[in-house]
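J.: One-letter residues, chain by chain:
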Amino acid sequence: MKAKNRLTGFLVLLLLLLGGSVMVLPFLWMVLTSFKPFPELFELRFLPREPTLENYRVVLGETGFMRWFGNSLLVASLTTLSVLFFDSLAGYTLARLRFPGKNLVFILILSTLMVPTEMLVIPWYVMSAEKGWINTYWGLLFPGFITAFGVFLMRQFFETLPQDLFDAGRMDGLSEFGVFWRIGLPLVRPALAALGIFTFLGNWNAFLWPLIVVQTPEMRTLPVGIALFSGEAGTAWNLIMAASSLAVLPVLLVFFFFQRQIIEGVVLTGVKG
Amino acid sequence: MRLTLAWREALWAFVFLAIPLAFFLYFRILPAFQALWLSLYEWHADPSQRRFVGLEHYARLLEDPVLRRALFNTLLYTLLGIPSQIALGLVIALLLQRVPFGRDFFRAIYFAPYVTPAVAVAWVWSWMLSPHFGLVNELLALLGIPPQPFLQSPSQALPTVTWVVVWQNLGFQVVLFLAGLESIPRQYYEAARIDGAEGWRLFRHITWPLLNPVLVFSVVIGTIGYLQLFTQVVNLNFTDQGGPLNSTLTLALYIYQLAFLRFQLGYAATVTVLLFALILLITLVQLKLLTRRVEL
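Chains A and B are the protein sequences, given in the same order. Sequential numbering of the first sequence, starting at 1, is according to my numbering. Sequential numbering of the second sequence, starting at 1, is according to my numbering.
Simulated from the structure, these hints should not be mistaken for laboratory data. These figures come from a predicted structure and were not determined experimentally. Take the hints with a grain of salt, since some may be wrong.
Stated by the list, open to error - Listed next, with one range per pair, are the computed distances between beta-carbon atoms: (1) B:Leu-261 / A:Leu-60: 26 to 32 Å; (2) B:Pro-149 / A:Leu-14: 28 to 34 Å; (3) B:Glu-42 / A:Ser-77: 38 to 44 Å; (4) B:Ala-18 / A:Thr-235: 52 to 58 Å; (5) B:Ile-29 / A:Leu-17: 48 to 54 Å; (6) B:Val-91 / A:Gly-101: 44 to 50 Å; (7) B:Leu-139 / A:Leu-187: 48 to 54 Å; (8) B:Ser-155 / A:Leu-25: 24 to 30 Å.
Glycine included, C-beta positions come from ideal geometry on N, C-alpha and C.
Let the sequences and hints guide you as you build the complete structure.
T.: Below you can see the structure in the form of structure tokens.
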């Protein structure tokens with residue numbers, strides 16, 4: 001019995017290693033290629049023969065990479081802060097306050113979940129063209145300030161809290177906003193963390209709307225910058241892989257530091273939402 | 001006194017909801033109706049030149065061979081991608097449950113692609129799958145398999161794109177299934193074992209039915225994602241987006257090309273209405289399925 005268990009354990013490990021290498025290999029190949037000089041791309045070697053930092057120098061020095069990185073950081077951070085504040089405020093209100101028309105408001109917000117982004121980008125573009133928002137930070141930001149998914153998620157979490165806590169807060173003389181800010185928010189911290197991670201990643205990786213609204217190289221976000229730069233680079237795969245590495249590695253680094261929180265956050269939003 | 005308290009609460013509720021509500025009305029609901037309205041017009045940058053065409057664009061939907069191709073491809077992506085990522089995700093989750101050590105490590109490895117930017121991932125795979133000097137063909141050569149055209153072949157391109165999407169989604173699927181598996185009470189398995197059930201029968205009669213909610217959720221979320229496939233398709237074949245010969249073209253990419261490369265915003269809006277109808281259908285099917293799910 002024990003020998004059989006050990007054999008199964010070994011087989012399971014072997015299969016996971018095999019599958020795991022399929023997950024890791026592209027990242028490994030990306031990094032290895034990024035250190036190769038151009039002629040070595042066409043040699044059948046795994047490791048670079050004469051490793052070089054030239055590709056990174058070109059990407060960092062001769063393109064707007066740093067600017068694109070900064071743009072993405074700015075857009076993703078501002079959007080995440082706004083989403084965390086407004087989604088939790090709206091979720092709290094819908095879960096804990098009594099007012100006429102509550103169900104109508106909730107259904108109205110929830111119904112927007114079914115509308116695909118593709119349907120909205122055309123009117124957003126027309127709106128932006130009329131109001132001069134094309135190629136501006138506001139243009140990049142406005143579609144994401146509040147999300148229906150987050151409102152729904154936060155409402156679910158606020159609903160599970162006992163009413164006594166909020167009543168006690170009011171007894172102590174807290175304002176309505178104070179009750180939300182001082183009592184409500186600290187109790188839904190795991191949900192906030194999960195929503196924040198999801199929102200940040202979604203905006204950091206967003207491609208469709210930035211591609212439409214951005215028109216000059218200095219306004220590109222990282223995904224748009226990488227795509228257009230790679231399109232111009234043609235077969236200079238060493239440069240493309242250096243740019244991809246610079247886009248992927250910070251994300252992977254943050255992920256491996258916070259992997260438990262991030263994965264639990266995904267489960268939390270996935271299961272609740 | 002009671003009345004004033006109730007009014008006070010309602011007043012605060014409207015203060016708190018004012019900005020979110022204005023946002024949803026102005027940036028979500030109004031644009032959705034504008035898309036419907038746009039679909040009835042021949043677009044022109046100068047508003048006075050916009051021409052009302054009624055349902056002409058909807059008639060064009062029925063006759064447009066490129067649209068038919070994009071719709072067919074989009075459904076094919078879904079039909080290939082969803083079963084693949086669910087089957088692989090379930091197998092890996094079951095393996096992770098049984099691994100003697102290193103479970104968190106493996107889980108992180110499988111999940112990592114999910115958090116990385118799809119644009120970068122697509123370019124990495126585009127290099128890996130390059131017909132000349134691409135790593136995948138070099139590895140195939142070691143096994144004695146002749147080089148494959150992959151993304152450059154009209155018959156192989158769509159399954160190849162699907163593979164890249166499955167590769168990136170897999171970790172999410174694994175994590176969902178793992179959470180689902182962990183929520184199944186141990187006692188169910190113990191009781192079944194006492195009754196003499198083993199291996200496959202345990203899976204068939206306990207694991208599978210109790211995973212049903214996770215399964216329904218995965219199918220719905222996955223389908224909505226595949227119906228909107230765009231980023232990977234654009235970046236995997238950047239110089240011939242949607243090609244070769246429209247073989248990888250999706251609805252979302254066709255919408256983008258119509259609206260922002262050919263500036264046919266009216267017809268593009270019509271295609272978005274079709275996409276919306278598809279997603280609505282999926283959501284309704286979900287509601288129907290969820291109401292008869294197995295409760296945990």
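J.: Now, for every hint given, state plainly whether the structure supports it.
T.: Taking the hints in turn, this is what the structure says about them:
no., hint, verdict
1, B:Leu-261 / A:Leu-60: 26 to 32 Å, "31 Å, holds"
2, B:Pro-149 / A:Leu-14: 28 to 34 Å, "32 Å, holds"
3, B:Glu-42 / A:Ser-77: 38 to 44 Å, "41 Å, holds"
4, B:Ala-18 / A:Thr-235: 52 to 58 Å, "54 Å, holds"
5, B:Ile-29 / A:Leu-17: 48 to 54 Å, "50 Å, holds"
6, B:Val-91 / A:Gly-101: 44 to 50 Å, "49 Å, holds"
7, B:Leu-139 / A:Leu-187: 48 to 54 Å, "52 Å, holds"
8, B:Ser-155 / A:Leu-25: 24 to 30 Å, "25 Å, holds"
Checked against the numbered hints above, the structure breaks none of them.
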